[in-house]
Each structure stands twice: as structure tokens, then as C-alpha cells.
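Enquirer: One letter stands for each residue in the lines below.
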Amino acid sequence: MEFFIISTLNGISYGLLLFMLSSGLTLIFSMMGVLNFAHASFYMLGAYIGYSLSQVLGFWPALLIAPLVVGALGSVFERYCLRRVHKFGHVPELLITFGLTYVVLELVQLIWGRIAIEFKPPAVLQGPAFTLVNDTVSGLRMVWGAASAELCSAADPAVRVVCSPFPATRGFMVLVALTMLVSIWLLLTRTRVGLVIQAALTHPDAVESLGHNVPRVLMLVFGAGAALAGLAGVIGGSTFLTEPSMAATVGSIIFVVVVVGGMGSLSGAFLASLLIGTIQTFAVAFDYSLLGALQQSGLPVGAAWSSNTLLTMKLSQVAPILPYLFLVLILIFRPKGLLGTREG
Amino acid sequence: MSFALKFTAAAVVVLAAGAAFAQKGETVKMVRIDPLTGLLGPVGVSQLKGYQFFAEKFSGKGNPAGVNFEVIGMDNKLSPTESLNALKSAIDQGVRYIIQGNGSSVALALSDAVSKHNERNPGKEVIYLNDSAVDPDLTNSKCSYWHFRFDADTSMKMEAMSSFMVDQKDIKKVYILGQNYSHGVQVAKYAKETLARKRPDIQIVGEDLHPLAQVRDFAPYIAKIKAAGADTVITGNWGSDLSLLVKAANENGYTGKFFTYYAGVTGTPTALGTNGEGRVFQIAYSHYNMGGQMDKWMREFNTKYNDDFYTGSTIRIFETLGAAMAKAKSTDPVKVAAALEGISVKSFNGEVQMRNLDHQLQQPLYMTVWQKADSKYSYSPEKTGMTLVPVKEYPNYVSSTPTSCQMKRPG
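Going line by line, the protein sequences match chains A and B. Under our numbering, the first sequence has 8 at position 8, and the numbering climbs by one with no breaks. Under our numbering, the second sequence has 355 at position 355, and the numbering climbs by one with no breaks.
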């Protein structure tokens, strides 16, 4: 039972990190029609800038300032690069963001070096947020913070006690992502700024004729998207690892999230990131293989089959490719994504 | 006519006399092909520093042949394809000695490429010195005359590790976790084989392979290990794959034992911290507290680079190569390879021998455990205040394993 709870929480927290990243991406796409390849690079920049700032100012100020810096960099990029190529159509826009990923990667390696840096979360977040104590006598209980040693060891050897702490960094990740989700939703649906943004999305000419500066709105949205990626970077970098290939690893996954959720749909991105986070976490736990399924179904299984590498491959081994498989299936059967509104 | 004959004879004598010391003062250029970037970059970078440090120590008067060593690094990004490109460019630069260690997948590709190159380019032979790739195939079914291994292979390490486990009665349920490539697969295979032979009562409760240097988050694996009820984990993981695994184990409250190959390698000591005390073991041919000259070198290395030296093979490569070059009276790889076969040298922990059957160095192994550094075992890696303390030493004959190698020797 505690295995199920902890795995679910692990899956959800990883999924919410993906959501923090993909929300910015999908926001930019829905506003500007630009598929921003450099989005994961802003995530990496957030982690590195957050690391440098935390060396000087401490973690909490860095958590606030780093996203602002990344957001400013994103706005500058939109204003002076993206806007210039905008008139040539979508392909040049795509290519310029693609080029930016390489520039950012090389810059990061020049400034911070090619190997992983040690970005530690603050002391408050280093322990467990809560601990699940499961013993065979009194069942499952929850203790805030770390459980004491006597709670986790039984005096009677017949009683089996398992303590499963849940790291505070992951709890924090969940908290930030949920706060972000609610505030974006409130901003877009309950404020004037949100109305202008939504209107600029569907009727840019009408909004412009009402006296709003649409290009500036676009710049701010791009900056906000980059800032969200930067925030995810500070949290992801300190929880997992800060190193130059971190952009490449999440880069492909967040595209999967955006496509599966539906291009430009914020709620779709939320659903898809939770789905992919939990699928990836739980896939690791299961040792099912095609061979096992065949045996279960009562088919005669020959010796040649039981040594076939494809058939004996376990679900836990293919866990890393599952999101991509999911992507292909969605594109075949529901090209607009789970909650998407437009076709293809 | 007779004058010409005499002159020729004299010239031959003079040349032969000169040739006796021909190698003296020569510079032996070596290239180390290893990851210098990416997740496993820190390991390769630290080891390259070790090579450059000891190349200086063993040059000139430091070796019996009186040659100078020079080592440069080439980044292979842990990819066999990139490694073959690096090998080609090293050969084009006239380098005849190739060193590699991290990744048996790379080692198998390099060994094969070097053999082919030597067959096709007589007079331009290359020797491949392997410092850390431990897939047993390299000295068994896929052995090559030009490949020399200085680390102990997985079969040897497992032999020693299982001998140690025989006395550890509290080990009942074992989980095997490894990286999904030749090395991880071999560790799992040999672990099951030796445990079934020496501790048949131990139950293997789970076995998993994960992608090499890809996993950032080991929490799901730790949850699975806990759910399986394993009291011990055997893993051949190294670099970030071990340090992140240990980090996840600490964060998620896993309290079982870890039997590892590479707990002392860059990044892992920091991840272990004080949490791993008394329950993380390492089987290796060297450790942090060898004492004597080794201790002085390690401290000097630490002061110079602010880094820890753990790849003892580096020293043995220079020692063995120096002895072989003195014996061959040449730096020509063909002669040196012949001299390397069966050579014995006195190393930092006694006599080691390059077995001529399969080119596997025969050497003592140490079982060490992670605990607080004290006055007796004082060297503490990565300023953790902890160290690896030897609990058992296995002399050459315990870990020596038979080979199926049918060596094809040139000529």
C-alpha cells in the first residue's frame, strides 16, 4: 500500500514539474503559433542562473529572481530576434528557436563548465516532508517530517515495519506547480490582462483597433512563458541534477506533453503531464513482459520464444520510451490531442 | 671486399649496442579516449588528471626504460562511434598507445577496431590499455592480443564479493540493479551464478536494468526495491548512476546494504555522506587507504587538483609499460606487446602479473566498507569525513578465474 502511495506521489510530483515546463510552451504556442524549441533551454538557464544567484543571495531570493531574469531574457529574444523573422512565416520562427537551443547550450558550457554542478536545495527542504509508517499490527499511519528511529523499528521481530519518507523537495515542487496553475488560470479568466491576452489570441486585429499594443502583449507572453520555464528550472535543477544535458532530456518530453494534451490547451497540458509522470513512474514498477502475457493467455510458448529478447523485455525496461509511444498513438487516433480544440 | 665486410660487421655491432638504449629519452605519446562531457564526464575528467599527474611522476628516471610519457585526452561522449573516430584521429597523429576505461560497450568496440587496424596496417600497430572496462568477454570470447586489462573483471570481483557474502548471514534477500549495457548485464549474470554456488539460500527478489546515464530520478526504483523487501542491493552502477541511486535511497528511507563496484568514484562519496555508514560496500583492486607511497601520491594529487585519485590502474599501466619497454629495449608496440605478456611487476600492493593467456592482470582485491575516517584510515574523499575501510583482502588466487580465451597471436 505504501508503495502505491509513494509511487503515485512520485509520479504526480514529476508530472507537475513537466506541467510547469509545458504550460509556458503551450501558452506561447496558443498565443503566437510559435513552437518554441528553445523552451527547455530556458528551463536549463533557470537552473544555472538560480544556482549562481543562490551562491550569493541564498536559495529563496534566487527562486524569485532567477525566473524574472530568464523572463527578461525571453522578452529580449522575442523583441529583437523572433519579431524580426515573424514576417517571413512560421518556418523561420521555428528555425531561430532551434538555433537558440545550440547557442544557449554552448554558452552554458562556456560559463558553468561541461560537468554537473552541485545545486543543493536549502536545509529546510532537505529532509522528508512526511513519512508513511506501515506496520503489520497497527496499519498505515502518517507522520509529518522524519519519523523517529524507534517508530521505524519494531521491538518484536514478527512485526514488519516499513517507513517511507516523502522528500520535502518533491512536496515543494507540487506546491509551487499547483500555485502556478491556479494563478495562471485566475490571471487568464478573471483579469483584464487575461481578457486582452485571450482576445489577442483569437482576434488580434480587433484587439489592435481597440488600442491595445498586440506585439507588446506577445512579447510579455513569451517572457512569461520563459519565466515559468525558469522557475521550473530552479526547482528541477535543485531536486534532480543541474548539468548541460538537462535541457535535451526534458526537451523531447515536454513536446510529448503538449501534443498529447492538445496544442495550446492549458488544461490538456495539465492532464497530459500528470498522465505521463505517473505512467513513467509506475512502468518502472512492473515486470510484465509480452512473453508473460502469452503464457497467461494459455498459448503454447516454445523455447525459441522464451529466449526472444523482444518478447522477454520487461515493462520496466521500456519505461523510458513509453511517452513517445503514447505520442505516436495520440497522433494516429486523436491528432488534436486529449483536450485540444483545433485539428492537427 | 673484405674491408666492406668488416665495416658492415662493425656497423652492425655499433648499431646493436646503440639499440640497447635506443628507447631511452624517447617520448611515448598516449591518448585516453573517455567521456569528458555529459553525466559521466566528471569521472573521465578526474581520471585524465590522474594520468597526467602520474605521467610526470613516471617519466624519465621514474621508469626502468627511461622513456617520457605524455597523455592527452579525447572526448568520446561515452559513445562507441565517437570513440572509433577518436581512435582514428589518434592513430593519424602517430599515437601508438590508446587508453580507455569507462564503458565496456566502448571497450568492446575499441578492442575490435584496434585488432583490425593492426592486422591491416603492419608496422603501425597500436596497443590498447584498458584501465576500467570489466566485461569478462574482453578477456574471454572476444579477447584480443592487443588488448591489456588492468582492472579486475566482473567474474573476479563477483568471486571475491560472494566469498565475502558467505560470512554475512544477515543477507537473505538480494536485489540486482544495473545499467542496461554489457557491463550491467554481466554483473547480473555473474552475481546470480556465484550466489547460487556459494550462498544458495539467498533469494534474488528482483532484477532491473535501467538506461545508462539517462535516469535522473531513481525514486521509482527505490520504491520498487523496498516493495520487494530486499535487504541488500548488488549494483555495478558507476558515476551519476550510482550517486543518484544512493541519493534517492537516502531520501526515500531505504536502509538495506549496498554492494557496489564503484562507491569511491567521483560524486558518489558526496551522495553517500554519513547516511551510508556501515552498509555500503565496495569491491575493488585498490582503495583510499593503501598507505605508503600511494598515500603520499593521493595527498599530493589532492592538494594539486582538489580532487581524489582512485584509479590505481593508472599507476600500474605506467609501471607495467615501463618494465615492458625496458625488457623489449624499444617503444615499438609489437615488441612491447610481446614483452607485456606474462610480465610481473611489484606494484603499490605487491606483485601483480599480466596473465599471458588472456591479458588479464592478476591482482589482489579488497572488500571495503563506508565508515567514518579515523587516525588509522584517515584519507577522506570529497571532504566527507568518511572513508572506505578495508574489511577483507583477497589474494590473487581467490579471485583468479579461468578463461576461455583462444588468443590469436600475430605471425
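The set of hints was computed from the structure by calculation and includes no laboratory data. As the structure is a prediction and not an experimental result, all values here were calculated from the model. Quick reminder that beta carbons are idealized off the backbone N, C-alpha and C, glycines included. Some clues are possibly wrong.
Chain B regions said to be covered by chain A (calculated; three or more residues, Cβ under 8 Å) [as the list claims (entries may be wrong)]:
# : stretch
1 : 148–156
2 : 371–381
Residues from chain B that keep clear of chain A, each with C-beta distances beyond 12 Å, as calculated [claimed, not checked]:
# : residue
3 : Asp75
4 : Ala113
5 : Asp201
6 : Gly267
7 : Thr270
Enquirer: Now, for every hint given, state plainly whether the structure supports it.
Expert: Do the hints match the structure? See the list:
Under the rule that three or more residues need a Cβ within less than 8 Å of chain A, the assignment of the stretch 148–156 of chain B is violated, with 0 such residues. Taking a C-beta to C-beta cut-off of 8 Å, the stretch 371–381 of chain B contributes 0 residues in contact with chain A, too few for the three needed, and the coverage statement is violated. Non-interface call for Asp75 (chain B) relative to chain A: violated, since the shortest CB-CB distance, roughly 9 Å, does not exceed 12 Å. No Cβ of chain A comes within 12 Å of the Cβ of Ala113 (chain B); the nearest lies about 25 Å off, and the non-interface call holds.
Under the 12 Å C-beta cut-off, the non-interface status given to Asp201 (chain B) relative to chain A holds; the minimum distance is some 18 Å. The beta carbon of Gly267 (chain B) is not kept farther than 12 Å from every beta carbon of chain A, the shortest such distance being approximately 8 Å. Here Thr270 (chain B) does not stay apart from chain A, with its beta-carbon only about 7 Å from theirs, under the 12 Å limit.
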